[in-house]
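Novice: Those protein sequence lines, which keep their order, are chains A and B.
Count the first sequence with my numbering and you get residues -1 to 324, in order.
Count the second sequence with my numbering and you get residues 75 to 227, in order.
Don't read these hints as lab results, they were simulated from the structure.
As the structure is a prediction and not an experimental result, all values here were calculated from the model.
Where hints are given, some of them may not hold.
In the SDA-like style, the derived pairs of lysine to any residue whose C-alpha atoms are separated by at most 25 Å in a straight line are [to be verified]: (1) B:Lys223 <-> B:Ser170; (2) B:Lys197 <-> A:Leu198; (3) B:Lys213 <-> A:Arg289; (4) A:Lys202 <-> B:Lys99; (5) B:Lys201 <-> A:Ala302; (6) A:Lys105 <-> A:Arg84; (7) A:Lys186 <-> B:Pro166; (8) B:Lys213 <-> A:Val282; (9) B:Lys213 <-> A:Gly286; (10) B:Lys197 <-> A:Leu312; (11) B:Lys201 <-> A:Tyr203; (12) A:Lys98 <-> B:Lys99; (13) A:Lys175 <-> B:Pro164; (14) B:Lys213 <-> A:Arg121; (15) B:Lys213 <-> A:Leu312; (16) B:Lys213 <-> A:Ala302; (17) B:Lys99 <-> A:Asp199; (18) B:Lys99 <-> A:Arg200; (19) A:Lys98 <-> A:Leu198.
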Amino acid sequence: MSVDAQILHALRTSNSGSISGADLSQKLGISRAAIWSRIEELRELGYDIEASPHQGYRLLSAPDVLHADDLGWRLEENQKIGRDIRVFEQTTSTNDVIEKLARDGVKEGAVVFAEAQTAGRGRLGRTWMSPARKGLWFSVLLRPSLTPQAATQLTVASAAALRNAIESHTGLKAEIKWPNDILISGKKVAGILTELSAELDRIKYILVGVGVDVNLNPSDFPPELRTQATSLKIELGKPIVRVELAAAILRELDREYARILAGEFSAVADEWEKHCTTIGQRLVIHLGDRRICGRAESLGEDGALLLRTDHGHLERIVAGDVRIEK
Amino acid sequence: MDIKDIKAIIDLMRKNSVSEFELEKQDFKIRLKRGTNGGGTPTSLEEMPVVGYQQSVLLSGGALSAQPPQLVINEVDIKSPMIGTFYRAPSPESGSYVEVGTEVTPDTVVCIIEAMKVMNEIKAEAKGVITQVMVENAKPVEFGQPLFKIRPN
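The whole structure should be built from the sequences, with the hints applied where relevant.
Specialist: Have a look at this one:
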């Protein structure tokens, strides 16, 4: 834990709500002057820290900024995902940054957050709107020893993890739209785009890009998206401290990833399937120039969507634009 | 192992009158055979898939003839490492990554295979020219299915 994180931790966990400079100095093993200078820096970042001669330091409020250390200490001691966290003020896309890290040989578990993305991306060149400080825009680097074929297991695992974290953290009922969109009251609140680099028989690395619309207001969405997309703040009626949600998501991702590595894919898939509300719905799927209509009948063992088409045959869907007909 | 190594082995075989040579390691296997009479039957050489492509080389010309054996290099397949949907372009609006005639290097992205929102950028893994696009855009592909042919250079 860095000095900043230790100071914040001490301020948050002190019984009286405040802690003296002398106590901090003793606890951290650095001089009171050094403590003072770190506190000044934290204030610059927006942490409202009160200093009084008798009581010492007191944390009045923390800004809603992503701070790598402040995030890191909220994770489990031995978790893989998040052991190396980097936060950028702005970047093109966090997947671009993490891809460079992957090529440079950075270990798996590294996570790159950006407060804002200028070129956040979705499937097939679509843009992902990522306004500053209103969402969680991040990418995770993984290097599982799986075959490229098995990479789709991570779609299932990451969707299950993201859904669990959002639902347990906010109390809102979250569902999965096949394969990995997270919906609240039928509107999209989070999405995942996974990029794979592989040889024929071996995964080199996987980049899991996640976007969560946390504190966006209705006016942040373009009018054409307002009927299809929402934010946690809109659904909950109040803003969320993003760093806490980020920690909850990274903990869940780590847990589900560990289950995949332990060969427990079917257990993860069961959990995912339980919350996948696409089953039973009428769908229109666009795949290149092709348009397939039918009813989602079930999920295959590997997570593929089995669609009973209007012509009566069962089609196995692994890709395409899935629209639910209401 | 590349064509240069293979040529070197053939030269050594000729110099030392070796008629057969076989090497196997991991998922790589090569077998070279020389005709015993001048201009004998063409011999074949096979290479198993190593990293996503397969190469086949035909040798012609007898080893005892004055002419060195000629190498006729056939095309190399780029294969799909997974079941999924094949996309020739990064987005519906943009142009294809490659066309027939495009010069590629091992790192050139030639297409994307998508499976359950996992986007897999497939690289050429060889230097050469694209001679054939074997799958239509947005069509399903199987594991190991050939997607493109490349003529290495």
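Novice: Which hint numbers does the structure go against, in order from smallest to largest?
Specialist: As far as the earlier hints go, 5, 10 and 12 are violated by this structure, in ascending order.
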